[in-house]
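S.K.: Chain C: place on chain G using the hints.
Which chain is which? The protein sequence lines are G and C, in order. First residue of the first sequence? That's 41 in the working numbering, and the numbers climb one at a time after it. First residue of the second sequence? That's 41 in the working numbering, and the numbers climb one at a time after it.
Only true hints are included.
Any copy will do: because identical chains look the same in the list, a pair fits if it lies in one copy or spans two.
Below 30 Å or equal to it, Euclidean Cα-Cα: the simulated DSSO-like pairs (lysine-lysine) are:
{"no.": "1", "residue 1": "Lys176", "residue 2": "Lys191"}
{"no.": "2", "residue 1": "Lys186", "residue 2": "Lys58"}
{"no.": "3", "residue 1": "Lys153", "residue 2": "Lys200"}
{"no.": "4", "residue 1": "Lys153", "residue 2": "Lys136"}
{"no.": "5", "residue 1": "Lys58", "residue 2": "Lys212"}
{"no.": "6", "residue 1": "Lys148", "residue 2": "Lys193"}
{"no.": "7", "residue 1": "Lys88", "residue 2": "Lys58"}
{"no.": "8", "residue 1": "Lys82", "residue 2": "Lys186"}
{"no.": "9", "residue 1": "Lys186", "residue 2": "Lys176"}
{"no.": "10", "residue 1": "Lys136", "residue 2": "Lys125"}
{"no.": "11", "residue 1": "Lys200", "residue 2": "Lys136"}
{"no.": "12", "residue 1": "Lys212", "residue 2": "Lys136"}
To be clear, the hints were calculated from the coordinates, so they are not data collected in a lab. What you are looking at is a predicted structure, and each value in this text was computed from that prediction instead of being measured.
Protein chains: 2
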Amino acid sequence: MTNRGRIFVISGPSGVGKGTVVGQVLKNVDNIYLSVSATTRKIREGEKEGVNYFFKTKKEFQEMIDSGQFLEWAEFAGDFYGSPKFNINNYLSCSKDVILEIEIQGAKQIREKCPDSILIFLAPPSFEALEERLIKRQTESVEKVKIRLKKAKEEMNETKLFHYLVVNDDLKEAVDNVLGIIRAERCRITNVK
Amino acid sequence: MTNRGRIFVISGPSGVGKGTVVGQVLKNVDNIYLSVSATTRKIREGEKEGVNYFFKTKKEFQEMIDSGQFLEWAEFAGDFYGSPKFNINNYLSCSKDVILEIEIQGAKQIREKCPDSILIFLAPPSFEALEERLIKRQTESVEKVKIRLKKAKEEMNETKLFHYLVVNDDLKEAVDNVLGIIRAERCRITNVK
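Bound-form chain G, shown alone (with noise of 0.2 Å):
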């Protein structure tokens, strides 16, 4: 067994609620931390630069993906997500685990490029509680959150690739399971076939 930290990867559709339930899981287990993305989209009210994303415009992104800067990046809805490699290697070799808070695209280049890491797809309840959440938040156009519903059909199909599949019906009993999934990663025996 190798004292190297894990990567939980949380991913899912587009207003499933992956911030929520990250938030609310890394206030419940020690020994985590979030790895900020680096996104182009636009801050949205409460969102703290460094916090919630480092914002970057389209060329200082493009500059980091020439410069080999991101463990995965993808294009979603028309902006650009990527997680910096800075700090993921240093909290894994330190033992520390690490929760990427990231798109499905991405979630695929870390099964990928990490194939020890833990992938966990967040699922809405049904397609009309998600229609409603997106539809609540308010934060884009009613053509971006068409785009987004669009998507999110397409991605239920990905599911196979993921370890875990958490529904976000009820919030607490999210967080459990995903508290529950670090908790048995943690005890698992890794040379087992």
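M.R.: The following block gives chain C in isolation, referenced to the frame of chain G:
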């Protein structure tokens, strides 16, 4: 994905606290049932027929072996232990999960016969702690305690057959880890390689 229930096997050296951990786990999670084992060992103070074990004579136990009534059985420190098939299959076919609290030889049999089972090894924080517990328990002769300790040392080499290792140092922590494993396995996407 199937709707059939899962088998969770909790095993580990004598005196590690399997019974206590399992008792606490059952109080804190729904839809999971304990498979009551049959044994030829003597009933201990506070134990009840049909609750802790089905207590059998060696002749009765042998008849159950001969008529194929066990999912697994093993001899351990001079006594026989086995998991009767009745009930287990009923639970599984009704999508209910089952806990087997069994000896390590039995866990090996379950791993072969039911490869989808989830095997949890409950380990003592140290051998000294284990010795202290076995002596404190005062349920057996010094000689039997010695046999159990020798066996326990051998058994620690068997952990690689298990999926999870939970150290029973702090009881609450051990119980929370087993509960986490149950939650995680219920979220697992079974067709992932």
